[in-house]
Each structure stands twice: as structure tokens, then as C-alpha cells.
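Listed below are the residues making up each chain.
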Amino acid sequence: MSKKKLMKGNEALAEAMIRAGCDAYFGYPITPQSEVIEYLSREATNRTGMVVLQAESEVAAINMIYGSAACGRRVMTTSSSPGISLMQEGLSYIAAAELPCLVANINRGGPGLGTIQPSQGDYFQATKGGGHGDYHLIVLAPSSVQEMVDYVLLGFELSEKYRCPTMLLTDGAIGQMMEKVELFEQMPRKTEFPDWATTGKPKDSDRRIITSLFIQPEKMEQINLGLQRKYREIEKNEVRYQTIDTDDADYIFTGFGLGARICTKAMELGRAKGYKIGVIRPQTLYPFPYDLYFEHSKKVKGIFDVEMNAGQMVEDVRLAVLGNTRVEFYGRMGGIIPTPDEILENFEKMFLQ
Amino acid sequence: MAEEEKDFIFSDICVEENLVYRKPDTLTDTELHYCPGCGHGVAHKILMEVVDELGIQNETIGVAPVGCSVFAYHYLNVDMQEAAHGRACAVATGIKRVQPDKFVFTYQGDGDLAAIGTAETIHAANRGENFLIVFINNGVYGMTSGQMAPTTLPGMVTTTSPFGRDTKIHGYPLKIANLVASLPGVAYVTRQSVHKPVNVRKAKKAFQKAFEYQKRGLGTCLVEIVSNCPSNWRMTPLESNKFVEDKMIPFYPLGDLKVPEGK
Amino acid sequence: MTQEAIFSGFGGQGVLTMGMLLGYAGIIEDKEVTWMPSYGPEMRGGTANCITIISDTSISSPIISTFDTLMALNQPSVDKFEEKVKKGGNIIYDSTNIINVPTRKDINIYAVPGSETAVRLKNSKVLNMIMLGSFLKVNPILKLESIWKALEQVLPERYHHLIPLNQEAFNTGMELIAK
Chain F
1 MSKKKLMKGN
11 EALAEAMIRA
21 GCDAYFGYPI
31 TPQSEVIEYL
41 SREATNRTGM
51 VVLQAESEVA
61 AINMIYGSAA
71 CGRRVMTTSS
81 SPGISLMQEG
91 LSYIAAAELP
101 CLVANINRGG
111 PGLGTIQPSQ
121 GDYFQATKGG
131 GHGDYHLIVL
141 APSSVQEMVD
151 YVLLGFELSE
161 KYRCPTMLLT
171 DGAIGQMMEK
181 VELFEQMPRK
191 TEFPDWATTG
201 KPKDSDRRII
211 TSLFIQPEKM
221 EQINLGLQRK
231 YREIEKNEVR
241 YQTIDTDDAD
251 YIFTGFGLGA
261 RICTKAMELG
271 RAKGYKIGVI
281 RPQTLYPFPY
291 DLYFEHSKKV
301 KGIFDVEMNA
311 GQMVEDVRLA
321 VLGNTRVEFY
331 GRMGGIIPTP
341 DEILENFEKM
351 FLQ
Chain L
1 MAEEEKDFIF
11 SDICVEENLV
21 YRKPDTLTDT
31 ELHYCPGCGH
41 GVAHKILMEV
51 VDELGIQNET
61 IGVAPVGCSV
71 FAYHYLNVDM
81 QEAAHGRACA
91 VATGIKRVQP
101 DKFVFTYQGD
111 GDLAAIGTAE
121 TIHAANRGEN
131 FLIVFINNGV
141 YGMTSGQMAP
151 TTLPGMVTTT
161 SPFGRDTKIH
171 GYPLKIANLV
181 ASLPGVAYVT
191 RQSVHKPVNV
201 RKAKKAFQKA
211 FEYQKRGLGT
221 CLVEIVSNCP
231 SNWRMTPLES
241 NKFVEDKMIP
251 FYPLGDLKVP
261 EGK
Chain S
1 MTQEAIFSGF
11 GGQGVLTMGM
21 LLGYAGIIED
31 KEVTWMPSYG
41 PEMRGGTANC
51 ITIISDTSIS
61 SPIISTFDTL
71 MALNQPSVDK
81 FEEKVKKGGN
91 IIYDSTNIIN
101 VPTRKDINIY
111 AVPGSETAVR
121 LKNSKVLNMI
131 MLGSFLKVNP
141 ILKLESIWKA
151 LEQVLPERYH
161 HLIPLNQEAF
171 NTGMELIAK
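Protein chains in written order, with our numbering: chain F, 1 to 353; chain L, 1 to 263; chain S, 1 to 179.
Honestly, the hints are just simulated from the structure, not real lab data.
Certain hints may be false.
[To be verified] Restraint ranges, calculated between C-beta atoms of paired labels, are given here:
{"#": "1", "chain 1": "F", "residue 1": "K219", "chain 2": "L", "residue 2": "G41", "range": "19 to 27 Å"}
{"#": "2", "chain 1": "F", "residue 1": "Q216", "chain 2": "L", "residue 2": "F163", "range": "34 to 42 Å"}
{"#": "3", "chain 1": "F", "residue 1": "L322", "chain 2": "L", "residue 2": "E31", "range": "53 to 61 Å"}
{"#": "4", "chain 1": "F", "residue 1": "Q216", "chain 2": "L", "residue 2": "H85", "range": "18 to 26 Å"}
[What the hints assert, rightly or not] Residues of chain S placed beyond 12 Å of chain F at every Cβ, according to the derived structure:
{"#": "5", "residue": "D79"}
{"#": "6", "residue": "N123"}
{"#": "7", "residue": "K125"}
{"#": "8", "residue": "I177"}
Computed from a prediction, not measured in an experiment: that's the story for all the values here.
The beta-carbon is built from N, C-alpha and C at its ideal position, and this holds for glycine as well.
Model the full structure from these sequences, guided by the hints.
This is the structure in C-alpha cells:
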């Protein structure tokens, strides 16, 4: 019997969380990701003793994450766009207090209450900070159910390595779809915790204080400089991306998550018609692969960016290419997923006519 | 006082046999930033005396709020977390759920606990989260300089109720301890004060009970301290304590609102 | 082999399950599989569909514009997706329910009296299994035994006594194509 399973994106995410030795999940139900807390409520506590708690709101959930992350535990929450907006306050505090944790945004269409259909409209919020102050989340963009699994582990590792909250930015379609996945083996839960964790004051050393409050401007600037040094380090070390058939490409299709996969299909259809198209898919949205786009911009006739929003990542693409090549955008909003035909047709209209 | 003179006094008078008071190790040496006459200092002291006497300094985690006691972690010598405004009970939930064998408390004012943090407070209590909520109620926003709190008495003058709290406009003071006491997950709710020595002793006793109940896993404990704010009440410390006695306590009567069954 | 199919019908007819069962069977044979439901309010009574792709090679996109096979269990499904079937592709539809039948000449069209047959089998709930039998007959992409194994995986233990009924429905569906 193969170890591979057919799983829904949201359930695979939840299963990966359990297997990653996650200590606690705090969340609040919201479509299209309620399967995560439902799955965990059924499976997690019995199997690993992991804490699973339905909070009274996303505001409470993210602050429970703050409290437990500050105890050095491996913790995670998930939500969808309106709920993630409510968590921004907490995420700013978590980033400032340098606590590791993982947050998944199963993006739905906005603004406002919007729609429960998939969207990528939260790119700006995810990659540019989201809450108040100068900070970043590390942002990973899974594009398949397999990556929903793999990025849970990667996300925990990166967030713990840099003491930086990490977000999986994905969408309702990947959360709801089923694909073949290979799961990693169950990992043990942590039994030792970092020195900074509030596990009770050690007898022979100082108490630990988790805070983001530094009233003196000079001190607060130092804290900010420290954060910025960390972000430069992350930008240097952690850029991840995938390129497909870009070597001989005249044109680059680009997008993230599900959008990138639809672009790949559009590329296949385009190649069948004789167009030399390649695909760039950033796997990390922060840090963003600026250099990669810059290098390609010197070789190609144009970059076609496709997103399920009004054009958000395209701003980073334009920033990256420094005017070297033409960048055009095509997007659908409000929960509509563009089809491969539609993408190719618009590419032809914009670049070839 | 000259340095030598101080040494002389210490060695001469404070010999071990007649040492009658010692600041516990659970309080740091940092000078308090609170205004003269403020009840926070006393509340900090008795809370940490209890932690010291129970010998749980190394297994206690506290949560500081936003408000006057935002810097509580400068004084309380235990592992501490600073919560966002109103979120202390959610943060404490996170701490206690992953470390159920540790002692956890929040230390919050009336604005933090009973206005912006009402949902977190009520729901933590309703889940019966097994930690202590210390609630300092002085009927005013101290840190932001004297605005109206949810607990401001009717008619009381604040910077945002300059003609006195008009219940038709501002609503009524919220007796959140009574609300919390009505929830089944809650073990112990008591209202105390620290404006007189006898009350200080009773309040300390309440903290002792609360930690004992936490150890026994009985559920949420809330100790409300009806306190003062000389600066923002525009009073001398003495006048403010009299106001506590004459106005605050009649509206917020002292005593137990809920005790564990069978104790 | 790559089969890009859409299963479409009313919510409650079991169209999502049809694609899912095919997906589970695909995994058993170590194929690549994606199953993408249209989800949301329309699942509660309106039209529901799922795109299911089974392939020997990796699948670029779970979202596709055109289909090898349309499985239509209600009229709106034919109206909406007939034009999206690839040239040389298939439409399999429930001829009991669908009045305005597909008319294209460049595809293969199979009229299967699914609902009528389900009534004959005394269980309207097996409509989807009948139609899935027809699907596998038209597209023999997976082994029958993989479908049976998948059935065991998908159905909770307490419903395992219904497996023979489902198998009978499935086989009947296959025969309806043979005729």
C-alpha cells in the first residue's frame, strides 16, 4: 500500500501540524478553513496531547498564540481574510516580541465580509507587515496540497530559526481541493524550551520578560534596528522560488500559489501554439525574489503577472525589473479563478497583437 | 542621608533578631513609578509576598496589561509577559494551556479588563481557565490621565465626563466581578481593598486562597481590589482613601461574591 | 494517460463523491490526482460540480478550461459545460432528468437513464454510482478493483453493508453503456 494519500488541503495542513509536533492550536471557525479546527478537534489531542482550543474570536486566538509562543512552544493558528485582519494587532506584537509561530491565511475574496470564494487579495497585508509598525512576517505561498504539508514544517523551522512569525498565504481553493500527498513521519513534541521562554524564572538567573514596550525612543530605535538586521538576514538566506522552462523563454508568466499553477497550464497551452513561455513562481513572498526577476528581465520580451486580485504582487515584480522589460497584469477578483484559456487569450491580446 | 550614617543605622538597628520586615525576593529593587498614595504599590507587594510565601516564584508566570501597571514586570520578579490592551486573559489562556502545572496570573486595571478586554475576560472565566485575574478597580483611566472608565461612579468627574458621569449618556458602571461570579467555570470571586491595613491583610488572604485554588485546579479566580487614583481624582492620598471608603465601597461592596463549593 | 473530467449536478446527487471516489481509486494505482470542488452556498441545494484530473504525469493546474469528459446529472450542467468539452471528448448525461439534450457533433454523447435505473434498483441514492460505472466504461482509466478498494476507504465502516448495492449499481451503469 502506497504511503501517498488523497487529502483535502485544509485537512492536510491540520495533519501536518500534528505530525510537526505542534504543541497548541488556537483558532476561530471561518469559511473556507473551518475543516482545520474540526480535523484537529477530532485527531490531535488523542494522538499527541496537543492543545486544541476554539477561542471566542480571532483577536483572542492570536493572543493565546502570543502567550503560548512566549512559553517556547510550537504553536499555530489558521483563519481566513476577515479573521486575519482581526489578528493584525496581535501579529504586530508577536513580531515585535520576536516570538515564533505559524499562521495560515486561507485567503477569501474581500474587501469587507466579501465572499467565501478563493482570492489572493491579502498579498499586501501579508507581505508588507499588515499591522502597525515596521515589521515583516516570513510569507510562504503553497500552491498544492503537498506544499500545504511541506510548508508547515518549513514554516515552523523558519519561524523558530529567526524568531519571526511566519504565514502560509494560500487560498480557499487549495484549502478545499484534494490532491495526492506524502506525509512526513510523526515528530516528537518538544521537551526542552529556549532560554527566553517564560517557563518560570530559573533559580539562578534573571526572570524572562516578553514585551514590545520600550518607552525610550533610543531603546525603541535599537529594537527596530535589530529587527531590520534580522529581516536583511532573512532576505539574504531564505528566498525560495520555482522556475519552469525559463531558459529559452521570450515571455515569463508569473503568479503565486494557485495562480502560478494556472499560469503553468496556460504556458503549456501557449507552448503548444509555439510561444516560448516560461513560468516563475515565488515560493516565499517575503522575502521576495527580486534578483531573480531582475536577471530574467534582461533576457525576455515581457513578464505577464496573473493574480486573483487587482494587482498586488505585480508591484513587487515591477520594482524588481527596474523598467528593463514590459510587465503586464491580468487578474480576477471577488472569488473568481481565472482559467488557463483566459490567461493565454489576455497574454496574446496584451503582448502579441 | 550620608552613606556612613545609613550603614550605621542598618548594622545597629536591623540585626537579625529584630528584623520585622523584609521585601521579598519576588519584588525587584526597581523604584516604583506609581504616584504617591496609589494602591498599585500595596497590591504588588501583597501579591508577591504570597508568591514568595508559597515558594512558587520559579513556577509563576504573570501577565501585565496596558494601563498604569503596564510596567508591572519591572517590579514583579517572576517570568512576565506584556499583553496587548485588554488581551491579558487570552494571553494567560495560552500560557496556562501549554503549562498547566505552572501558576499564572494577570494583573489588570478597569479599562483593560472591563472595557476593551471584556470579551477575553468573560470568555476565559466562562471556560473556567485555571488562573488568577487580579483586577484593580479605581474607576478611572490612569495612564492616559483621567478619562472615564467603565467602572466610573455615576456623577464622578473625569476628563471625558467633565460634568460628572451621566448614566443617560455614558451608561452605568459595570460590576464585572458580579458578572464573572455568575459563571459556572469560576471558582472564586472576591472584592477587597487596600486603603486600610485591615483591608490589606484581607486582600492578601484572598490572594493566598486564589493561588491555593489554582493549585487544586478549581477554575478561574478573580480578586478585585477597589483602589484609588489620587492624581486623576485630583485628591491627596488621604482624601482618595476616604473617597474609597465613602463612595467606592458603598457602590462596590467588599466581600466574597463566589467561593468554591465545600471550600 | 490524462483524464480531465467535470462532474456536475444538483447538490445531494453525489457529484462530489463521484469525483472523489475516482480520486481515491487513482491514488491506489499511484496516479496523480487533483479534485477541485466548486464549494459554497451552491452546494446546499443548487448546482455543484467538481473537476477531477487523473494522470500518469504531474498535473500543472487543478483549474482547467476544457474537459475530456462532462458528467451531467442535471439540465444546467449540460447548458453550462457542453461547449467546454474538448473536441473528441465525451458527455455522459442522465437522460431521465435532462430534456434539452447535448447536440454537438464533434464529441461522443452517451445518454444513460441513471435516475430511472436507480428507481429500478430501489435506491435513488445510487444514481451517482450508476453514472460512475458508465464513466469508467467510457473511460477505462482505472481498474475495477481499485474502485472497490476506494469504496471501502470512502464509506465509513457502518455503511460497509451497502457496498454490494453500490457495486451492483456501478456494474449496471457499465452495462448501460454496453447496450
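message: A range of 19 to 27 Å was offered for this pair. Does it hold for the Cβ distance of K219(F) and G41(L)?
response: At 25 Å between Cβs, range holds.
task: Grab the minimum beta-carbon distance between N123(S) and chain F and tell me whether it stays above 12 Å.
output: 26 Å, holds
- prompt: So the hint says 53 to 61 Å: do the beta-carbon atoms of L322(F) and E31(L) match that?
  reply: Once the Cβ atoms are compared, 55 Å apart, the range 53 to 61 Å for E31(L) and L322(F) holds.
message: Is the claim that I177(S) lies outside the interface with chain F correct, judged by CB distances over 12 Å?
response: 26 Å, holds
message: If we take the beta carbon of D79(S), is the closest beta carbon in chain F still more than 12 Å away?
response: With a cut-off of 12 Å, D79(S) remains clear of chain F, as the shortest Cβ separation is near 18 Å.
query: Given a hinted range of 34 to 42 Å, is it respected by the beta-carbon distance of Q216(F) and F163(L)?
result: 38 Å, holds
query: Does the hinted range 18 to 26 Å hold for Q216(F) and H85(L) at CB?
result: 20 Å, holds
task: Over 12 Å to the closest beta carbon of chain F is the bar; see if K125(S) clears it.
output: 22 Å, holds
Checked against the numbered hints above, the structure violates none of them.
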